[in-house]
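Colleague: In case you want the letters, here they are:
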Amino acid sequence: MTMIFGVPMAVFMGQLTLGLVNGAFYALLSLGLAVIFGLLKIVNFAHGAQYMLGAFAALLGFRYLGINYWLALLLVPLVVGAFGVLLERFLLRRIAHLDHLYGLLLTFGLALIFEGTLVNFFGVSGARYATPEILQGGLNLGFMFLPTYRAWVLVAALAMCLFTWFMIERTRLGAYLRAGTENSQLMQAFGVNVPLLITLTYGFGVGLAAFAGVLAAPLYPVSPTMGSSLLIVVFAVVVIGGMGSILGAIITGLSMGIIEGLTKVYYPEASNTVIFLVMILVLMLRPVGLFGKEA
Amino acid sequence: MAESQSMAAPSAVLERQKRAKFRRNMFYLALIVVGLIAPFLAYPVFLMKVLCFALFACAFNLLLGYAGLLSFGHAAFLATGGYVTGYLLASYPGLTPELGIIAGTVLATLLGVVFGVLSIRRQGIYFAMVTLAIAQLVYFMFVQAPFTGGEDGLHGVPRGELFGFISLSSNLAMYYFVFAIFIFGFALIQRTVHSPFGQVLKAIRENEPRAVSLGYNTDAYKLVAFVISAGLAGLAGSTKTVVFQLASLTDAHWHMSGEVILMTLLGGVGTLLGPLMGAGIVVSLQHILAQSPLGNWVSVILGIIFVVCVLSFRSGIIGELDKMYRKNFK
Chain F
21 MTMIFGVPMA VFMGQLTLGL VNGAFYALLS LGLAVIFGLL KIVNFAHGAQ YMLGAFAALL
81 GFRYLGINYW LALLLVPLVV GAFGVLLERF LLRRIAHLDH LYGLLLTFGL ALIFEGTLVN
141 FFGVSGARYA TPEILQGGLN LGFMFLPTYR AWVLVAALAM CLFTWFMIER TRLGAYLRAG
201 TENSQLMQAF GVNVPLLITL TYGFGVGLAA FAGVLAAPLY PVSPTMGSSL LIVVFAVVVI
261 GGMGSILGAI ITGLSMGIIE GLTKVYYPEA SNTVIFLVMI LVLMLRPVGL FGKEA
Chain Z
81 MAESQSMAAP SAVLERQKRA KFRRNMFYLA LIVVGLIAPF LAYPVFLMKV LCFALFACAF
141 NLLLGYAGLL SFGHAAFLAT GGYVTGYLLA SYPGLTPELG IIAGTVLATL LGVVFGVLSI
201 RRQGIYFAMV TLAIAQLVYF MFVQAPFTGG EDGLHGVPRG ELFGFISLSS NLAMYYFVFA
261 IFIFGFALIQ RTVHSPFGQV LKAIRENEPR AVSLGYNTDA YKLVAFVISA GLAGLAGSTK
321 TVVFQLASLT DAHWHMSGEV ILMTLLGGVG TLLGPLMGAG IVVSLQHILA QSPLGNWVSV
381 ILGIIFVVCV LSFRSGIIGE LDKMYRKNFK
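The listed protein sequences correspond, in order, to chains F and Z.
The first sequence: position 219 = 239 (the working numbering), numbered continuously.
The second sequence: position 39 = 119 (the working numbering), numbered continuously.
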């Protein structure tokens, strides 16, 4: 059997795929954080909880309403995103004029509420969500076995990232958003409805998190705490990449996933911590982040 | 600033400062008297828990309230103090508790230097994210390290004999020791806040570029504030371990970092008494809820308090009272 640095090829490639899939989630979530941060200037601490809500909405929708995976992939981001719109309209907007740290604290409180409530109803052990039939099984590529669902997650997540990039960089709405990120007061003076833009942006970011949640549902146990530990890693990814660029968020997310996967092969004890160690390294060498702009 | 004022009207300003200082001293005296009587009015173990968390919250408040730095990783210091003290006292029976506490505090302080050097490279929300991430790193290290007992934690840490001859097995003796530690920590924070160093911290909080332009090395000031805060959080953790004779992962979890923020926010950020008040309320609430049918809803209720505080109660209880006092009596 072919060996790579003393590890069987199949194991190596398997962990690499796992890492890439994790990286796709990091990319999707950090992208959502970056979009929200750009316009609202707050760090959405409820992002992990909203990702978890996405997974739960898919699970419960299937269990009680018979909504299948594909419909869930379409509906759940809309529903959870609409919920995000309400949060922005009735809570976040009231503190928008204050120090942005308050936004972080408010969303942290919301995360505690969502997580705690679901723990009371569903416990912490986690439920299984069946992989849709067409995506079950896997492909034998000769040098490795590629589970179809993981391949699909990778494709879907990257497609969503590209869609977001396209929306922001190539459409009129995206141009408004970018201008608002630069100077929202001037935008308002030009007659753009900035408060509406902010609400929609937050809803979109939340929808991205929920989309990631639906993608994750067949992959990981669906539990109320699935989002919070992931979110802390995503924060580290955001610090590494900087929130300045969309492409930066995608590249950083994927590469951190790969690094984590490879650490699992060669030094499993550090696989939990390696991303934080990379963050420390980046803070020492390039404090603004790999893709960050100098302040 | 203070000098130019005193040149304008020396006697009036001096008089005002003297009166403020007198009021402060009377206030401290009252606090000490209340603390001395308290164990006869309430259950000492409960009071000790409040005091440990109050010291933790006061340490956190030094950073957020006076330097404007929101750390989301203070649980790491609480846990480091607790684990080091717990491990030493459990492994070396001859060691007296005060030495164990000092060792825990010193290590938490050193960890504070590492945290501080890294995290003050970024500002605002990035600072919060960096501290949270490093604290999570510390959490995973505690999960895997051999001396922490992993998921089980450390149990049966002996309280021992203070200075080798005062037994701490009675809760009353333990209480007065904890109270003395709290007063020490509280006094250190007050001294820091009211020193020229504290004035510079406040200047940095209000306008950092301006403080830089006035020639202050703001990073050094922030680092020192961070290290003092980390050390005192460690002291709180060490003391807590001796009181409850255990150290566990709960103290290292990010929920704990959130709880100390809530205590400070609820009591009043940047006030003297706020963190003490906030710690008292949160600890009482957890205590009461744990025995009620709502026991499983603690984290939801804390979340709701968070949201309410941020939306409509940002000065905290002490801050709001202070505002009311200023409006009606001045």
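For the record, the hints were derived by calculation from the structure and aren't laboratory data.
Just to be clear, a hint being listed does not mean it is correct.
One side of the interface only, derived from the structure: several residues of chain Z facing chain F at Cβ under 7 angstroms [claimed, not checked]:
id	residue
1	Val193
2	Val194
3	Met209
4	Leu217
5	Ile368
6	Gln371
7	Ser372
8	Leu374
9	Gly375
10	Leu382
11	Phe386
Ideal placement from N, C-alpha and C gives every residue a C-beta, glycine not left out.
Colleague: Against the earlier hints, flag every one the structure doesn't satisfy and list their numbers going up.
Modeller: Violated hints (numbers, rising): 1, 2, 5, 6, 7, 8 and 9; every other hint is consistent with the structure.
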